[in-house]
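Enquirer: Below, each chain spelled out in residue letters.
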Amino acid sequence: MSMRLTRAQRGLAILLGAVLACAALRLLIGSGGFGWPADAVVRYRVNAALGAAAVGSALAIAGLFLQVLLRNPLASPFVLGLSSGAGFGYMVALFLAWRFGIELQGGLGIGGPVLAATVGSLATLAIVWRLGARGGTADPLALVLAGVVLSAIAGAGTTAVQSLVPAGLRGDFLAWMMGRIPESPPAGLLVLVIVLAVTATAIGAALGRALDVASLSDDEAASVGLSLARLRIVLFGFAGLLAAGTVTLAGPIAFVGLIAPHAARMLLGPRHGTLAIGSSLAGAGLLLLADTVRQSVDLGAGRLPVGVVTAIVGGPLFLVLLRRGPFVQWEGGRGA
Amino acid sequence: MIRCTGLTVALSGRVVLDAIDVEARRGEAIAIVGRNAAGKTTLVRAMAGLIPPARGDVLWDGVNVSSLHVRVRAQRCAFVPQRPQVSARFSVRETIELGRFALPPNPQRIAAALDRTGLDLLADRPYHELSLGQQQRVALARVFAQIADDGCLLVDEPFAAMDLGEADRCLKLLREHAQRGVVVAVLHDLAQARALADQVWLLDAGNLIARGRPTDLFQPEFLAAHFGVPFGLSADGAPVPRFGG
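If you read the sequences in order, they're chains A and B.
Start counting the first sequence at 556; every next residue gets the next number (my numbering).
Start counting the second sequence at 696; every next residue gets the next number (my numbering).
A few of these clues could be false.
[Claimed, not checked] Residues on chain A that point at chain B, a partial pick, calculated with CB under 7 angstroms:
#1 Arg626
#2 Leu629
#3 Gly710
#4 Thr714
#5 Thr754
#6 Ser772
#7 Val779
#8 Gly780
#9 Ala784
[To be verified] Among the chain A residues that face chain B by a calculated CB cut under 10 angstroms, a handful are:
#10 Val623
#11 Ala760
#12 Ala761
#13 Arg764
#14 Leu766
#15 Val768
#16 Asp774
#17 Glu775
If you're looking for bench data, these hints aren't it; they were derived computationally from the structure.
By construction, the Cβ of each residue, glycine as well, lies at the ideal position given by its N, Cα and C atoms.
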């Protein structure tokens with residue numbers, strides 16, 4: 556008996572295979588070359604692979620939520636400034652902790668920075684929404700422009716605040732600002748990001764039909780039985796948390812949250828139940844691949860932060876898609 | 696039945712509907728007409744429960760619409776805006792299926808909606824590749840898939856982008872629906888309003904200034920005075936604006 560797979564099943568199988576392959580590559584490639592690492596190094600590579608997969612997945616699912624609920628194919632945590640807002644919140648938390656002598660390392664100590672980063676990302680989203688949306692209808696370019704400006708302001712604020720924190724506390728600030736996957740992250744933080752990514756993916760899959768309906772206008776969605784206001788509150792909240800978790804763990808990483816949902820759409824089609832799982836897998840695979848590439852390239856002064864790789868690859872892709880990809884199809888009908 | 700009592704709506708602090716009292720019964724088609732910014736769209740959206748009134752009530756079968764859960768509303772009443780919006784890349788069939796969100800799946804109803812609106816041959820085409828007129832037909836098909844035969848259908852300029860053949864076909868579908876259900880349509884074309892409606896409500900600056908049967912209300916002198924365009928009547932009595940006259 557032959558069994559025919561649906562497009563969605565085929566697409567998810569491809570994406571899962573790609574994630575596993577990228578994870579295997581990430582485990583096998585280290586600064587010492589290609590091959591299974593020495594026992595002492597395995598833990599670091601596993602941490603990096605788990606971190607990359609979790610951060611990629613979290614950014615992608617946050618990007619999907621933002622794209623659907625803002626009806627904006629250009630939306631992502633990075634483009635809309637959520638990542639920069641979260642970074643600013645995180646840095647303010649570090650500054651306040653140092654100023655008042657609070658220990659942040661390990662255990663519950665991650666709660667403060669994550670909370671501050673969440674406040675930063677949600678405040679940025681609220682301002683972007685306020686500037687770019689009118690009566691539930693968002694102008695895609697106005698949202699992006701507002702995001703770019705707020706991102707620049709938050710980035711400047713982050714740089715200013717970090718200069719007030721002693722160098723020993725802020726760590727490798729430049730690498731963090733560019734986005735980097737830590738090989739020995741605080742265990743609680745890594746687990747938090749994994750839990751957030753898995754939970755958000757499950758919620759996205761469970762709310763697939765509601766997300767389908769969210770592609771209608773607010774009036775039409777209400778007319779078929781969906782309260783978009785409630786859905787926006789829940790999923791924007793998740794997007795803020797996801798951006799905060801990823802930034803606290805790995806810094807602001809560009810374009811994964813934008814590209815991954817579109818890559819999944821091309822493979823799986825528009826249904827959001829499947830798309831939530833597919834975006835999550837695509838994000839995990841993309842960041843694992845980017846981190847593997849980063850690990851393989853040494854320009855003489857050490858490895859680049861992974862955010863540089865995603866920006867170099869993702870930036871041009873963003874421009875290509877902006878010019879002729881699925882974005883232009885979102886603008887509505889072709890006229891009579 | 697939909698009844699508005701003392702319905703007053705304010706948008707951004709400005710009163711756009713002022714103490715409207717109207718009623719649309721089952722078996723009746725209503726056309727809301729008037730000049731731009733008269734409050735037509737606001738009235739039909741308020742009747743659909745999409746805008747909360749500043750004062751007054753909107754009652755569906757005697758129940759205040761604000762007390763009904765959004766999913767319950769969806770089972771009784773459907774709304775189509777002038778320019779439907781679908782931001783995801785769904786096919787025509789998938790777009791129509793969204794109408795069943797609050798209801799159990801019903802493939803027969805989807806197929807019937809596709810057939811009635813003449814979209815069966817376009818069912819697997821991407822929605823975004825259609826013309827605006829075809830997209831308006833998809834929105835009508837979606838609400839036909841959604842509500843029961845005696846449900847309320849509230850539509851804002853449903854034929855605005857359609858060619859004459861499409862408009863005629865869809866107008867007949869709305870008339871058919873009005874045999875058992877309620878249809879309230881915002882229309883600019885008075886010939887369409889006359890062909891569709893049992894009752895016409897004429898709005899001006901947020902007030903209901905006239906209502907009645909189209910044959911009574913659509914007198915050339917009255918229309919000319921209100922719209923500022925000379926009107927004549929066609930051979931079958933439909934009002935015809937004499938542009939440039």
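Enquirer: The structure should be examined with respect to each hint, and the outcome stated for every one.
Expert: Evaluation of the provided hints:
1. Arg626: Holds, about 4 angstroms.
2. Leu629: violated (12 angstroms)
3. Gly710: Cβ of glycine 710 (chain A) sits 29 angstroms from chain B, so the hint is violated.
4. Thr714: At about 36 angstroms, which exceeds the 7 angstroms cut-off, the nearest Cβ of chain B leaves the hint on threonine 714 (chain A) violated.
5. Thr754: violated (23 angstroms)
6. Ser772: Because about 4 angstroms separates serine 772 (chain A) from the closest Cβ in chain B, which is inside the 7 angstroms limit, the hint holds.
7. Val779: holds (5 angstroms)
8. Gly780: Because about 3 angstroms separates glycine 780 (chain A) from the closest Cβ in chain B, which is inside the 7 angstroms limit, the hint holds.
9. Ala784: Constraint on alanine 784 (chain A) not satisfied, violated at 10 angstroms.
10. Val623: Valine 623 (chain A) check passes; min Cβ-Cβ to chain B is 7 angstroms, inside 10 angstroms.
11. Ala760: Check failed: Cβ of alanine 760 (chain A) comes no nearer than 16 angstroms to chain B, outside 10 angstroms.
12. Ala761: violated (14 angstroms)
13. Arg764: For arginine 764 (chain A), the interface hint holds, since the closest Cβ of chain B sits about 6 angstroms away, which is under 10 angstroms.
14. Leu766: Hint on leucine 766 (chain A): holds, closest Cβ of chain B at ~9 angstroms, below 10 angstroms.
15. Val768: With a minimum Cβ separation of about 5 angstroms from chain B (threshold 10 angstroms), the hint on valine 768 (chain A) holds.
16. Asp774: Cβ of aspartate 774 (chain A) sits 5 angstroms from chain B, so the hint holds.
17. Glu775: holds (6 angstroms)
Checked against the numbered hints listed earlier, the structure breaks hints 2, 3, 4, 5, 9, 11, 12; every other hint is satisfied.
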